[in-house]
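Enquirer: Generate the whole structure from the sequences, applying the supplied hints.
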Amino acid sequence: MNVVTILLLFTALLLTRVSGLRTAVYIILVQSFMTALACAAVGIETGEGHMYVAACLTAIIKVWLIPYALLNIVDKLQNVREDHPILSVNYSAVGACIAIVLSYALIDQALPGAGSRDALASAITMTLIGLLLIMTRRQALMQIIGLITMENGIYLVGLSVTKGLPLIIELGIFFDVLVAVVVLVILTYRLKLSGMSTDTSMLKKLKG
Amino acid sequence: MVKGGIEVMVSIVQALGVAFVAPLIAGVIKTIKARLQNRRGPRILQVYFDLRKLLTKDSVVSPTVSWIFNVAPYVYFASSVAAAGMLPIFFFSGEKTGDLFTLIYVLALGRFFLVLASLDGGSAFGGMGGAREMFIAILVEPALLLSMLIVAFKAQTANLGLMASHALSSSFSVTYIFGMIAFFIVLLAETGRIPVDNPDTHLELTMIHEGMTLEYSGKKLALIFWGAAVKQLIMMLLFVLLFLPGNAFGSATFIWTIVKVLLVAVGIALAETSTNKMRLFKVPKFLAVSGLLSLLALVSQ
Amino acid sequence: MGELLCLALLVPILTGLLSMFQTTTFGMKLINIIGSGLTSGTLVGIIYKIIVAGAVQYKMLYVDQLSAVLLIVVAVLTFTSSLFSVSYMEKELAHGHITFKMLRRYYGLLNLFFFTMISVVVVENLGLMWVAVEATTLASALLVAFYFNHSALEAAWKYVMVCTVGICLALLGTIFLYYAQVNAAGPHFQALSWLALKESSPRFDPAIVKLSFIFILIGYGTKAGLAPMHTWLPDAHSQAPSPVSGLLSGALLSCAIYGIVRNLIIVQAVVNQEFLQYLLIGFGMFSIVIALPFVLVQHDVKRLLAYSSVEHMGIIMLGFGVGTSAGVYGALLHIINHGIAKSALFYMAGIITQKYQTRQIARIRGLISITPLLGSMFIITILAITGTPPFGIFISKFMIVGAVFASGRVMLGACMLLLLAGIFAGMLYYCLGMTFGSKPKHPVTPLTIGKPAMLAMMVSVVLIVITGVYIPAWLNEILYQASSIVVGGS
Amino acid sequence: MMAQDLYYLMLVLFSTGVISVFFTGNSRKITNYFAHSMALMGCALGILCAIFVFIQGKASIVLPVVLPFGSVTANIDYLSAFFLALVGMVGMATSIYAYGYTQEYYQCRLPAMAGLYNAFLLSMVLVLTVSHVVAFIIAWEVMSVVSFFLVNHEHDKKVNTRSAYIYLVMTHIGTVFIIIAFLLLAIGSSSMDFSQLQGNLVSATWRNVIFICAVIGFGTKAGMVPVHIWLPRAHPAAPSHISALMSAVMLKTAIYGMCRFFLEFLGIGPLWWGIVILVLGIITAVIGVLYAFIEHDLKRLLAYSSIENMGIILLGIGAGMVFMSNQQLGLAGVAFSAALYHVFNHALFKSLAFMGAGAVLKVTHTKNIEQLGGLIKKMPYTAVCCLISSVAIASLPPLNGFISEWLTFQSLLFLPQALAGITGKVFSAILIALLGLTGALAAACFVEAFGITFLAKPRSKQAAEAVEAAPSMLLGMGLVAILCVVSGVFPKVMLTIVSQTLMGFSNVSVGGLVSDDWYAIGFTAGQNSGDFSAAATLLLLASGLVLAWLLYIAFGRGKVAVGETWTCGIVPNSHMEYTATGFSKSIRMVFKSIVHSHYETLVNANDYKYHGQKLFYHVRIQYLFVSRFYGPLKNSIIQGAGFMKSIQTGSVQLYVGYIMVVTVVILIWSIGW
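So the sequences go chain by chain: W, S, G and X. By this note's numbering, the letter at position 173 of the first sequence is numbered 173, and the numbering carries on one by one without gaps. By this note's numbering, the letter at position 288 of the second sequence is numbered 496, and the numbering carries on one by one without gaps. By this note's numbering, the letter at position 40 of the third sequence is numbered 549, and the numbering carries on one by one without gaps. By this note's numbering, the letter at position 261 of the fourth sequence is numbered 1260, and the numbering carries on one by one without gaps.
None of these hints come from the bench; they were simulated from the model. Fair warning: there could be bad hints in the mix.
What the hints assert, rightly or not - Sample of chain S residues at the chain X side, in silico, Cβ under 7 Å:
#, residue
1, I220
2, D266
3, K427
Just so it is clear, CB atoms sit at the ideal spot from N, CA and C, and this is done for glycine as well.
Expert: Listed below in structure tokens is the structure:
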């Protein structure tokens, strides 16, 4: 379990450093796979059947469908890279480290003794890193990836504090995540189609 | 016979009395002034003859004017006479009718119509005279009120009769000096005397009261002159009754009153001969002095 | 009863599917008018049931008086909005802004949107409620992006991004709540079932519940357009087609508020009351404060209305924040009034923009001399939305202000009133500019307002006027019950 | 009881008036006559209702309004009845007047106007009668909104819309303060019914707050300086019969509110309350009349004069409060009756003046008195009415204006008894002097207004072609004119009504107000007394007139020749006449600091230098409060808003950042709990 969480943390940290979209998508793929593993691990721990279902769902949706959609869009927009993020990769790495500290502070402060400390911490860190990505990356795709990271993080929080949510809710959440990503992908695609760059920091027409 | 009818009757009689005496006092002032200027001057009764002459004359009326023009002199005259009826010359009179504010506003009524009439003619002079008359009236009003308040506050009433009796009973004090000067200034301004207005001039640029009456002739002019004379006497009487009261200055008998009136006439004549007419926009300052003095008097009570 | 609930969920889906396969505009119109009529009818039926029978649970679905309040809003808006859409979209088609294909998509998504909103209100499980709320975002996102032009895409992007981030936080909060429940309750319990939570809430760990509520408040607050998470709101509202803007502002925000309230009921059992009150009042007041400058200086009519929505959400939060039964009553009433009035305003704004081919306030002139009826309705509704008597919103506003004063926060109430006066000044300034004044120089498209649209607006305006002087007994009952549910104890 | 039925019937009639316009839309004539007849009858019923109340004592009606605030009742006590009667009287006159006047508007949205006219009356009646906080505020705001629409009626002119906007915003802000005051009271006495509201249940500090809020709130409606700026804009913009109604009655609803608060709710307060009101009152009076004097727009002039009169009313109220807090209930009675009497008078003569102005406006289509003149020959009856109103406004005997002025003077005269010491004496002396100044200025102002408008030669073509106003308008004006004269000549009647109005309140005693003889009014409060005999004054005036007439005929009736006005030999024409600008010039110079003229320029309109000059003289007055206070305020608000808007930059990253920040902040803050 802990190994998995550490790996997850690693992928999250890695995300702050990549600038190639395709690479990022692969990292997300790995990350989602790890999440699925974690889910399964919890399943083994508690022996609750529906955790396996959840694991499979994660595998299907997050490891297969979502990366597939993302890779599609990556093909559509050739040689677009996250070259000049608002916060440069090094600073965002620093940010990630701060995130780690913050998350430990948070759980010690707010939820002492909830689940395994490291797992929870890494989960919250992932959430924070996801936020960080959304806040500091220009490319639409990178923001989507940040969102997914956040999603995964929160899902892991759920796993580590409550050993998973009831199945019906899990289903709903998965469905939502899928749709959300699809919607975002559609929007990105449309942005591309209507001859505009997918650089979201350019989207400043509506203000005031 | 309504209750309080007697007083009303008396005050009407008194009003008529004052009305008939007024030209005499005007004549007296003229004479004294002439004497002070080493002239023989007209007879004391000259004013009466003038009025008679005017009353017999035909009048010329502009086609521009409306009925306001014809009514105004009557209202002016009537308001002056009515005001005369409110004076507490005899103490039992003026009980019901005599009231500080009523007196002032009745006089204002006459002025209101006269100024309207001055505008009615449609000449620039009339308007100018009216405007200036109103201007001075606006400034005089607060000063007049303030100076009368000196007595009114002490007596805690606005009834002229009670005020006068209170003044009579009160002994001489520095308040009177202030009050006297303050009211005297107001008197000069209100009756259109030098240094505020020159009753004898007909020079367009300087005249105020005369400017208003420029369009008038004959009987109407006579009424206006007479009304002015009555108004003047009213102010003098007020001065005498409120600021030269009985036991402070002589006694309160009728004779004394007349004597005091004559004294005031002398005072006016002196003031007129010793000063010269001031610019129109100096008048506010002149009247401000009066206001300040009245406030001083209030404080010094 | 249960059947009714299922029906209410089913009808919109069916309508949506049917309209996806229509080939004629007429059929499209027919389907939707009938469908929305049915939906509203079912909802009215449900409300009636609630009035007579009180709260009802059916499997995963649960409705009580509190849901009834929201159902009223949804019922009215479902009906009016699809009525309005019929003629609005017809005009768009006529103008060539959209193609028939897009029309299909529009109606499909619209009905999906109805479905999601209804499900937010009727589900019993807080987890599912979260799912539903997120679903509303996704359903409406494509409606916001409907025209797929630059600004529409931009608005949609921000809408999805900001809201999803917020909603993720809400999920976090929900998970923490679940954690609290796990810790408190024994082995056997319905996870995140609202009723279960409600009865077992006193045993929860305050620290965790507090944490969870913070996340839930921020999460759903983002959806409800509370400042400073409101940033998506003006963009989405201004870019979406007007019927959708009306729905977003009138119903969707209210649904998000509903989510907050449901959780609030659980939370206030253990968490320090004062803390919660400060939190809610803080957000409410901040929203009003933030809305003011944007209303005072504004160039886009739909953005103007959007910011006024932010302000009203603030007022509602204040009502809940005061926490007294009167305040909650006022807040719930305000949800209804605001929903109706604001949607009507967005409809009118839609027609105005179609007429003048612009959303620039400066270029809209002399509305009342062009279409007197619309013009007078517009100014009346503006007066209503700014809380002027004798319209419904004044009543609810006054109740909330009164509650604020009664709770001893006199300065707060006074500041609120002054801020509202400022917003009144701003709204009215622009409204007068648009309604009166000389006719515009550039030509106005000669177009008659479609009967359905007119009907939709009429209905809303009449409702606003009526609620100003007459609150029927049943409504009063519902509101009273609902407020006692929120405040706890009856 | 009779009063209830009448009240209901009145409401019904007004409502029918409102609704009727939707059905009689096709024929303007029918709309006009039907709607205004409804208003007329409604007002008549209002008067009847008030009379019944005065005879049978207070009536209370439960209104059919279902709101979550408990039942809404309308309690008509003497105070309400007094103001109700006022609405009735003025309303009747304006309704009759409207028959003729609104023919102007047959092409200009008459139905809307007629309907709103009824709604306006309805709302005012409700304001004056309802006795429940919420109902009062609703009626109050409705009144504002309806009058706003009426002000904005001629919205083809941009300036009207602007005026209406300023009016509505100002009054809305005022309402905010009223709401605060009411809520504080309601919380203190834990009830929203007027009969339960008691300031004594509130702590002293809160009572002061309530007082201040009430003063600001109602003062805004009353056009009290410095929150008066809406008034001179709104009144001229409205159609004249509406202006008459607004100025004569709507402003009085504010006085009604003040009376409710100061006499009933708040109870006896500290001394400084009264002093504050006095100071505000005198400032309002002086500033108002000064601006009126230098104004050329006839209706603006009247509007400013309304401000002045509200100031005088406030003086009465303030004096009353000072006496109240000094436990001199008799004098308080005198002061308050002075205020109420002036309320009545102002309602009469100001409505008359506005109707007159409307008549002039209707035939000449100009409000600028510089372009009028000579109308007294064209429209003699209107001229007489206007003269009466002018004399009354100038508060000259024997008309009604003087009576209330006299009462106010009297109550101020006894002020030193309440304000001990030199300061008190000087303060009241200055008050009286300034009130005198106000009176004189008012006289001058209306000499100017009447003289320039009606006398001398016409100054423009449209003035030369003027014709007498329609008979219905003359009838409307005539009624009020007669009332003016009557209530001036027999003040006793009105004073009795006023004293009965005040009888209901425990904090003032009006026992001393009755004078035993029918032709005089007087009062005795403690050892203080004052009396004024209208009959005697009239007799004196009459004797003066008789004397004058005798003199006139005594010397034979001389011939009257016709000769042109003397203008130094030139043939006189209207360009030589004295202008309003010139008339007020000297005052402008003396009161430079207040009525500072923005610029005075002499423009030569003739292009060719050597072709002689065509000179125009322009004056623009800089309005102190607008230029010094409201203008800068507005600008700073706009700038601030512009600055605040920079938070919405459009960057999605930043938006997510906001969420992040607020989360962190709240998490940190929540640790403390």
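Enquirer: All hints are to be evaluated individually against the structure, with a verdict given for each.
Expert: Outcome of the hint check:
1. I220: At 5 Å from the nearest chain X Cβ, S/I220 passes the 7 Å test, so the hint holds.
2. D266: OK, holds: S/D266 within 7 Å of chain X, min 4 Å.
3. K427: 5 Å, holds
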